[in-house]
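Residue numbers (the working numbering), protein chains in the order written: chain H, 1 to 161; chain U, 1001 to 1591.
Honestly, the hints are just simulated from the structure, not real lab data. Hints should not be assumed to be uniformly reliable.
[Stated by the list, open to error] Restricting the straight-line Cα-Cα distance to at most 25 Å, the calculated cross-link-like pairs of lysine-lysine (DSS-like) are:
#: 1; chain 1: U; residue 1: Lys1584; chain 2: H; residue 2: Lys7
#: 2; chain 1: U; residue 1: Lys1263; chain 2: U; residue 2: Lys1400
#: 3; chain 1: H; residue 1: Lys46; chain 2: U; residue 2: Lys1586
#: 4; chain 1: H; residue 1: Lys17; chain 2: U; residue 2: Lys1591
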Amino acid sequence: MCGPQIKINEASYRTIKDICASFDNNPGELINVLHKTQEHFGYLPKEVQQIVADCLGIPVGRVYGVVSFYSFFTMKPKGKYAISVCLGTACYVKGAEKVLDALKSELKISEGGVTEDGKFSLDVLRCVGACGLAPVMTINGKTYGRLVPEHVKEILAEYAD
Amino acid sequence: MDTIKLTIDNREVEVPRGTTILKAAEQMGIKIPTLCHFELDGLALENRPGGCRICVVEVVGRRNLAPACITECMPDMVVKTNSFRALNARRTVLELMLSDHPNDCLQCPKSGKCELQSLAADMGIREIPFKGQQSQYPIELSPSIVRDANKCIMCRRCESVCHEYQSVGAIGAVDRGFPAVVNTAFDDPLVNTNCVFCGQCVAVCPTGALSEVDNTAKVLRDIANPDVKTCVQVAPAVRVALGEEFGLPSGSIVTGKIAAALKAIGFDYVFDTDWSADLTIMEEGTEVIGRLKAFLSGDKSVKIPVMTSCCPAWVNFYEKFYPELREYPSTAKSPQQMFGAVAKTYFADKIGVTRDKLVCVSVMPCVAKKYETGREEFKVDGTPDVDYSLTTRELARLIKICNIDFANLPEAEFDSPLGASTGAAVIFGATGGVMEAALRTAVEVLTGKTLPRIDFEEVRGLEGIREAVVPVPGVADLNVAVVYGLKNARTIMEQIKAGTCKYHFVEVMACPGGCIDGAGQPYHHGDASIVKARHKAIYEADRSMPIRKSHENPEIIAIYKEFLGQPCGEKSHHLLHTHYFDKKIKFDLEK
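Bound conformation, chain H alone:
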């Protein structure tokens, strides 16, 4: 009768410990720790959050509370190319939803999903600060503006590797 066991790759475990140590294992740095950790792993699965909680000496619920609160953090691995469609007010009135629909039908996934081959993931966000180019989307940080649904196929083709 022992406690729960969490299986984790040793190298990943060390990496997370090092990230936490670089912030002096200070629980006040939780958000920064999570940023760094997500930067490294691409996402924040349960096991990773457990180790962060252990290193910072806080309940894992606190970590999960923050991860589930901020849309920037994700518990699902993103695709190789992470697509973010802006649904902020300016983009929305300029037809962002139609662009989003085109992406969904082209990739056959919904918001928050990843294509079966792991190549694309699709998310929505609110305002990237490029309202002059509305409607806007980004793929791995690269911005595409003044979109119409017909552009979608062409843009995705750029990532045909």
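For this one, chain H is given, so just place chain U on it according to the hints.
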């Protein structure tokens, strides 16, 4: 003192600087409704997020309405608690809350005790104008606690007690916007989290989002079953609180009425956990004496301080958070489990039934006791020593179901041979009580002399951490500590880890003030005077007992003679002692 004057509802009032509008109004007899706000005065338990906005009041000259619970009074402030604007806003806030709340009050476990329901009644809500989305969460059953997140209003009282008071952190706010709710991390079931099942979340929840597992139907079924015999035990703290459920003043001692009610409900044998509390003192006290003597004679291998182990939430706490220190707490089982172990062996033999034909029920002020009954190590051949644990509230429901006029019930006695008890046993129900009961026996045994005074006032009180030096002539000056609230217990554990703990003996209880405010007790809705009245009553009950030392209980003396042999002897070791497990989360590293 620095005071300020202000006007509330056209009356002037003078209050110390820093007083909130809520408190100032309260002292004028104006009751501003609250919902998320929760405070147990003098017991260090509070939740003041200022989040629900039910307490909004109008402050003349201020643009928006002010939440009274967190807004400090300012000089010459003019406050209107019942202006049309404030009343309107308050009603709208409540209506919005109710628009995403299931309308199943009739079947709700908190019906009649629900603060949201009372508020809706007080505010005369007759319709809910808003038709919006409804939360759809599955209901989670754990061994002790039922969670129905659909009824969560995000007051976050539970989160405050779980994180701040108990330092456990099993539940908290997750997600945001409409789906925001109090939940476990990753929506895991409570049993897979660090939850220690203290149940204080249930005790403070204003709605039916958190409640205890209800065993009343199972108990009634077993009482009606002619193939089994039923016996019941009642914990010390129940007798100073149950009366509240029947309109008696807080702190009424209703021991005799409880015995009578349990007989009227139909239990075959009505016994007392106070009896096994006395037994606990014999076992735990003997262990304390043994470990202390070894320690004082220079044995470095012995673990000091000895810590109490009666509180099942505390046991869960050290198994989950400090398994490396699990040799410090006494191996003595809790009174509930000692009772069960003796009932299903000694007593079952006495009445000529096998253990599977004897149903053992406990009535506890506690929610964690339900979890404790289900522990594998407390089962023999698949049957538990204690079959069901009921809370004080469940007993009240049973009494009502069985048409018993509790308030006017003539008193009765507990049955023999597991019914006689002493004053030392009844004080188990309050913080400091187990310590005092143990001292009454241990000091007499250590010195070989009758104690000149048996009231150890120095370990009584309601502060969260108390310490005292108890001189034991010819032996040593004992450093003892009494703590309640697991955050305070954590402080002691950290001292032990750091090697700075100076105590010989430490008592721990998880709930505020000990079992008197256990999570299974009648809801007090933040009224600390109720807890204080129960505390006073526990010591009154002690004073009224003819015998006040556990080792002088005639039924305890008899069972050692007849059945158990010596305290901490072979039979006791087998029946009355236990061991603890390492339940901490471990990382299994793969190459």
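Evaluation of the provided hints:
1. Restraint check for Lys1584 of chain U and Lys7 of chain H: satisfied, since their Cα atoms lie roughly 14 Å apart, inside the 25 Å limit.
2. The hinted pair formed by Lys1263 of chain U and Lys1400 of chain U meets the criterion: a straight-line CA distance of about 14 Å does not exceed 25 Å.
3. Between Lys46 of chain H and Lys1586 of chain U, the direct Cα distance comes to roughly 14 Å. Compliance with the 25 Å bound is thereby established for this hinted pair.
4. Annotation: proposed proximity of Lys17 of chain H to Lys1591 of chain U holds, straight-line Cα distance about 16 Å (limit 25 Å).
Hint violations for this structure: none, all hints satisfied.
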